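Protein chains: 2
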Amino acid sequence: MKLDVKDIYEQIDKFMDKEIEISGWIKNHRKQKDFGFIDFSDGTHFKRMQLIYDLDNPNFEEISKLKIGSAIKVFGKIIESSGKNQDFELKIDSVELLGDCPDDYPLQPKKHSLEFLREIAHLRPRSNTFQAINRIRSVSAHAVHEYFQSNGYIYAHTPFLTTADCEGSDQMFKVTTFDLAHVPIKEGEADFSKDLFGQKTLLTGSGQLHGETMALAYKKIYTFGPTFRTENSNTKTHANEFWMIEPEVAFYDLDDLMDMEEDMLKFIVKYVMDHCPLELEFCDKFIENGLLDKLNNLLKSEFKRIDHKEIVDILLASGKEWEFAPDYEGDIHKEHEKYITDYYGGPVFIKNWPKDIKAYYMKQNADGKTVAAVDLVVPIAGELIGGSQREEDYDKLYNRMKEMGLDPEQIDWYLDLRKFGGCIHSGFGMGFDRLVMYLTGVENIRDTIPYPRTPKNCKY
Amino acid sequence: MKLDVKDIYEQIDKFMDKEIEISGWIKNHRKQKDFGFIDFSDGTHFKRMQLIYDLDNPNFEEISKLKIGSAIKVFGKIIESSGKNQDFELKIDSVELLGDCPDDYPLQPKKHSLEFLREIAHLRPRSNTFQAINRIRSVSAHAVHEYFQSNGYIYAHTPFLTTADCEGSDQMFKVTTFDLAHVPIKEGEADFSKDLFGQKTLLTGSGQLHGETMALAYKKIYTFGPTFRTENSNTKTHANEFWMIEPEVAFYDLDDLMDMEEDMLKFIVKYVMDHCPLELEFCDKFIENGLLDKLNNLLKSEFKRIDHKEIVDILLASGKEWEFAPDYEGDIHKEHEKYITDYYGGPVFIKNWPKDIKAYYMKQNADGKTVAAVDLVVPIAGELIGGSQREEDYDKLYNRMKEMGLDPEQIDWYLDLRKFGGCIHSGFGMGFDRLVMYLTGVENIRDTIPYPRTPKNCKY
Numbered sequence: 001m002k003l004d005v006k007d008i009y010e011q012i013d014k015f016m017d018k019e020i021e022i023s024g025w026i027k028n029h030r031k032q033k034d035f036g037f038i039d040f041s042d043g044t045h046f047k048r049m050q051l052i053y054d055l056d057n058p059n060f061e062e063i064s065k066l067k068i069g070s071a072i073k074v075f076g077k078i079i080e081s082s083g084k085n086q087d088f089e090l091k092i093d094s095v096e097l098l099g100d101c102p103d104d105y106p107l108q109p110k111k112h113s114l115e116f117l118r119e120i121a122h123l124r125p126r127s128n129t130f131q132a133i134n135r136i137r138s139v140s141a142h143a144v145h146e147y148f149q150s151n152g153y154i155y156a157h158t159p160f161l162t163t164a165d166c167e168g169s170d171q172m173f174k175v176t177t178f179d180l181a182h183v184p185i186k187e188g189e190a191d192f193s194k195d196l197f198g199q200k201t202l203l204t205g206s207g208q209l210h211g212e213t214m215a216l217a218y219k220k221i222y223t224f225g226p227t228f229r230t231e232n233s234n235t236k237t238h239a240n241e242f243w244m245i246e247p248e249v250a251f252y253d254l255d256d257l258m259d260m261e262e263d264m265l266k267f268i269v270k271y272v273m274d275h276c277p278l279e280l281e282f283c284d285k286f287i288e289n290g291l292l293d294k295l296n297n298l299l300k301s302e303f304k305r306i307d308h309k310e311i312v313d314i315l316l317a318s319g320k321e322w323e324f325a326p327d328y329e330g331d332i333h334k335e336h337e338k339y340i341t342d343y344y345g346g347p348v349f350i351k352n353w354p355k356d357i358k359a360y361y362m363k364q365n366a367d368g369k370t371v372a373a374v375d376l377v378v379p380i381a382g383e384l385i386g387g388s389q390r391e392e393d394y395d396k397l398y399n400r401m402k403e404m405g406l407d408p409e410q411i412d413w414y415l416d417l418r419k420f421g422g423c424i425h426s427g428f429g430m431g432f433d434r435l436v437m438y439l440t441g442v443e444n445i446r447d448t449i450p451y452p453r454t455p456k457n458c459k460y
Numbered sequence: 001m002k003l004d005v006k007d008i009y010e011q012i013d014k015f016m017d018k019e020i021e022i023s024g025w026i027k028n029h030r031k032q033k034d035f036g037f038i039d040f041s042d043g044t045h046f047k048r049m050q051l052i053y054d055l056d057n058p059n060f061e062e063i064s065k066l067k068i069g070s071a072i073k074v075f076g077k078i079i080e081s082s083g084k085n086q087d088f089e090l091k092i093d094s095v096e097l098l099g100d101c102p103d104d105y106p107l108q109p110k111k112h113s114l115e116f117l118r119e120i121a122h123l124r125p126r127s128n129t130f131q132a133i134n135r136i137r138s139v140s141a142h143a144v145h146e147y148f149q150s151n152g153y154i155y156a157h158t159p160f161l162t163t164a165d166c167e168g169s170d171q172m173f174k175v176t177t178f179d180l181a182h183v184p185i186k187e188g189e190a191d192f193s194k195d196l197f198g199q200k201t202l203l204t205g206s207g208q209l210h211g212e213t214m215a216l217a218y219k220k221i222y223t224f225g226p227t228f229r230t231e232n233s234n235t236k237t238h239a240n241e242f243w244m245i246e247p248e249v250a251f252y253d254l255d256d257l258m259d260m261e262e263d264m265l266k267f268i269v270k271y272v273m274d275h276c277p278l279e280l281e282f283c284d285k286f287i288e289n290g291l292l293d294k295l296n297n298l299l300k301s302e303f304k305r306i307d308h309k310e311i312v313d314i315l316l317a318s319g320k321e322w323e324f325a326p327d328y329e330g331d332i333h334k335e336h337e338k339y340i341t342d343y344y345g346g347p348v349f350i351k352n353w354p355k356d357i358k359a360y361y362m363k364q365n366a367d368g369k370t371v372a373a374v375d376l377v378v379p380i381a382g383e384l385i386g387g388s389q390r391e392e393d394y395d396k397l398y399n400r401m402k403e404m405g406l407d408p409e410q411i412d413w414y415l416d417l418r419k420f421g422g423c424i425h426s427g428f429g430m431g432f433d434r435l436v437m438y439l440t441g442v443e444n445i446r447d448t449i450p451y452p453r454t455p456k457n458c459k460y
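Protein chains in written order, with the numbering used here: chain A, 1 to 460; chain B, 1 to 460.
Quick caveat, the hints were computed from the structure, so don't treat them as lab data.
Hints may contain errors.
[Claimed, not checked] With a cut-off of at most 25 angstroms between alpha-carbon atoms, the simulated DSS-like pairs for lysine-lysine come out as follows:
#1 A:67 x B:294
#2 B:111 x A:459
#3 B:419 x A:419
#4 A:200 x B:6
#5 A:194 x B:236
#6 A:266 x B:285
#7 B:67 x A:419
#8 B:459 x A:186
#9 B:459 x A:194
#10 B:456 x A:200
#11 B:419 x A:111
#12 A:84 x A:47
#13 A:200 x B:33
#14 A:459 x B:419
#15 B:65 x A:456
#16 A:2 x B:266
These numbers come from a predicted model, not from an experiment.
For reference, chain A alone in the conformation it holds in the complex (with noise of 0.2 angstroms):
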């Protein structure tokens, strides 16, 4: 019988005094004179599996040679464990080792840093720390897809590549089939009639006009996907490559955004604790102490709802001496985000933000100086979630992008929103990736990605 270390973690009644055959690799080896054990995992659980023989085995010297990172096929027998770190083991009858591994093997079992493993970034998905983000990042996704598909929402496939380019392109990468020392010229200017699509063409930097589009066809919709910027910025938090989750929605107000959020993020954060319990206890011991505390907070809490205007009042009124000077025309830093959200003890939604520092598609209010943006500040990572009501009058979003330097005409398409029953609308970006850190501890951007890119660094 075939099986995964999976299965029988999860059904060990059925297997307990059962023959079984299983293959995966030797995670750290430990031989005595009389008998061996071997730590052993595939990779389909968190936890690992021990191994054991002893001098009953007739190949007991050959299975004693077995090295760490060999890949093996173990036949055998599960059975209670004499030990008390695990209810049971197997008792090895015949290995065959499919894959060697020799001693330079980097991945020794002893604690590596987190900068050493990103040096080998094709071999830490086989370390303990690993084996707990990507399982978290995995089950998070899907968690995503769960909450937006079972509340009725279809899943927008927007596009990559794109020639919409209203905001300016130097925060976008340039795609091109031309060979980049043989540019074709034309008037001082690279001739894109000569390239693939004939346009200047651009990797998005999100989904969220197109997005758009299908909400106001069929009210609920997410996208799920990568998403690229050019930043040279070399911060914890940045990559130049990540994952984002954008829905948008018709007929809702910001009221109603907020309330999506917080049932979506509470919603993810539980999904995750229920399917990774053993991922998070170790995140917690050896990541983020107080990990799981954060999370049971974070889904009793109810998020507060305050205006920008009301943050930067607190914020004056702190006494504290700032880096940065609270500003009611400014942005909120992130040492305001954390007195803000120690301040009330949880999540903060910063709504209703001044109109000069935000996107030009943000609906604009009755006071003239401010948006109906909110961004969702959580305790310790800061802000998680970047969400608006769109602008629905086609003169003020045609107005106000001319105001801002913009070109209306270069986004027509997306203009037609507001001519053929428009309606009100709002939709947010919450960053996968920095959603994974918040769910694993895990303070370097670099850490949940598995091959991250950042400036100067696209190695594989």
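Based on the hints, put chain B in the right spot on chain A.
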């Protein structure tokens, strides 16, 4: 009570005779002297809803002027329908016009050609046909995740930006932050040391190599994301941006892989049939006559597993005149696929292909002539999935790369997988848009993806 149309269809007993509020769009409007019918949809359900009003309504005049395409908010009562086309309808108390729609709205209620709808890609999601296609697309995407997650696979987010260029970059887009009119040149070549990543960077054409690094850690993994190819080919089945699913499983040989492919495909088809009965019925009626029979047949059939050599024997013995002569060393063409699925009366796995027409990473069979590759061909659609067992032997892989003029040093990390605990493993790639073509009967890939990208076509 604010509702979605979906809520009402799914729980009509609960809402019958209740006063409700609902927002959506006018799809059609038939006015009589004494009463009127509005065909209404909020996009949350494939079926529309009928709204009725008559002279009892004090705003009869105003309501009767509402235009097709407008967004409205309606208050009214759900009642049993007097007509025989539906079980219920909504008697309007009052209507609020949210967004008007001018008479030149391109999506008037009449039959539009798919070609015309492609020209208004931002509005076509509102049409019946795209209501069906996009719902099936969303549900089948979820089916993919459901299948792999419930079978213990890890969703692996392999990178899209890559410097791994071992297959030659002629099929891959270049990605850069350079101003293409002023690319820095050094010794006649583009000076990529000045680019964001400091290296020539490409958009991925497959996540397989990175996926293998994950499979050798977690046994079972899958990717699901966009993929990019520069093919300058204007066929019905090619797009330059498409979605692909690439599972990879350690310890699986070719038979295990075929088992999984068959199981997965049947799961997805069944899932979509269970979740989109109305949409499939529509497609069967208006897009591909016999679609439902085709899908039911797939569920019932046991997929055949035939060697490439035997397929060519059959083609040669057929006595047919072929456009492409069947060839023991050559590819299987569309006309051959059709003959073979007819011949066997169902899906066929064509396996063990001549090695010279397949990729370097496929496992070399003992005969020295073939590789353990497998293509799944299905009736009508032809090839749906292409996969292989991977070469797990370091030297064979290395030498094959050299033979084919590829540079193994470029992907030393990939070769490492054969050095540190290597094992047999297998995987496949399935084009998701082609799967949607199969599931909907749509004949042109441009109609399965919301914003298709094809040569000279990257609008929006």
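Hint numbers the structure violates, sorted upward? Failing hints, ascending: 1, 2, 3, 4, 6, 13, 15.
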